[in-house]
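Visitor: Sequence:
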Amino acid sequence: MSKPLASSPPRLMGILNVTPDSFSDGGRHLDPDAAVAHGLRMLDEGADILDIGGESTRPGSDPVPPEEQQRRVLDVIRRLRERLPASVPLSIDTTWASVARAALASGADWINDTSAGLDDPDMLPLAAELQVPIVLMHRRGVPRTMQDAPQYRDVVAEVRDHLAARAEAALAAGVRPEAILLDPGIGFGKTLEHNLALMANLGSLVELGFPIVLGASRKRFLGALCKDVPPEQRLAATCATTALGVMQGVSIFRVHDVAANRQAADVAWAVLRFSTAG
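Numbering (the UniProt record's numbering), first residue to last: 1 to 278.
Simulated from the structure, these hints should not be mistaken for lab results. If you're wondering where the values come from, they're calculated on a predicted model, not measured in any experiment. Each hint should be verified, as a subset may be incorrect.
If you anchor each label on the Cβ, the simulated ranges turn out as follows [claimed, not checked]: (1) ASP62 <-> ALA34: 21 to 27 angstroms; (2) PRO230 <-> PRO20: 17 to 23 angstroms; (3) ALA86 <-> ASP33: 22 to 28 angstroms; (4) ASP266 <-> GLU232: 21 to 27 angstroms; (5) ALA197 <-> VAL271: 21 to 27 angstroms; (6) ASP122 <-> ASP161: 21 to 27 angstroms.
Quick reminder that beta carbons are idealized off the backbone N, C-alpha and C, glycines included.
Work out the full structure: start from the sequences and follow the hints.
Guide: Written out as structure tokens, the structure is:
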């Protein structure tokens with residue numbers, strides 16, 4: 001196996017859901033004061049990036065209109081930007097270019113698009129126009145029905161090929177190579193076996209040459225592996241995915257529980273550096 005390509009310590013992207021119905025923490029941070037306080041707390045715990053979203057993409061969820069997404073997130077973004085140094089990126093989690101544009105004008109720095117620019121044809125041109133980083137995620141189907149018996153012949157190869165194609169589309173739209181990040185979309189149109197195959201082969205995605213973002217935090221497949229514990233009891237399982245990802249070269253981990261995952265990432269990084277020294 002080739003050595004992982006990650007050349008800098010792993011970064012943590014703290015999840016800030018400003019939604020009433022996210023699968024794990026829906027409703028907890030819908031109030032802007034609570035959302036801002038939680039964002040600041042995650043930074044104190046070791047987050048490097050905050051990812052702010054106003055729409056749940058859990059299995060079975062319905063789309064949220066752009067206007068409502070903006071109502072939920074823009075004030076939170078403005079208030080966090082006022083409190084944070086410019087070196088801390090804020091990411092807007094949306095598939096709508098209009099929401100992304102408004103969020104970027106309010107102080108966001110990145111776009112995190114779970115459709116990889118397929119839901120809205122204006123998304124990749126927007127990222128190119130404003131020269132901002134964009135996370136392109138693999139998703140099979142749409143959130144409402146994506147878990148209805150998803151099938152692949154070779155999930156690793158198909159996810160890899162899809163991400164490579166979306167990266168090429170972003171480049172063709174004018175997005176700079178260094179501004180493209182890829183996410184295999186754990187749990188987005190995948191069975192337990194599909195998720196395990198991707199977790200075991202993250203290095204194959206790293207070899208595409210773009211930073212890989214891993215979002216396995218509290219996901220349903222972890223519950224299935226751990227006696228069906230509820231999302232809030234999947235911290236140790238999430239930390240295991242973080243350590244496994246670091247050892248395979250993943251660059252960024254999108255997590256709910258920052259402090260514990262910071263420890264897992266730092267320990268795994270130290271081991272990886274030692275094992276590849278010389």
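Visitor: Please go over all the hints and tell whether each is borne out by the structure.
Guide: Here's how the hints hold up against the structure:
Against the hinted window of 21 to 27 angstroms, the Cβ-Cβ separation of ASP62 and ALA34 comes to about 24 angstroms, which satisfies the hint. PRO230 and PRO20 have their C-beta atoms about 18 angstroms apart, which keeps the hinted 17 to 23 angstroms range intact. The beta-carbon spacing between ALA86 and ASP33, approximately 23 angstroms, falls within the hinted interval of 22 to 28 angstroms. Take ASP266 and GLU232: their Cβ atoms lie about 23 angstroms apart, and the range 21 to 27 angstroms holds.
Evaluation of the 21 to 27 angstroms hint for ALA197 and VAL271 yields a pass: the beta carbon distance comes to about 24 angstroms. Evaluation of the 21 to 27 angstroms hint for ASP122 and ASP161 yields a pass: the beta carbon distance comes to about 24 angstroms.
Of the hints listed earlier, there is not a single one the structure fails to meet.
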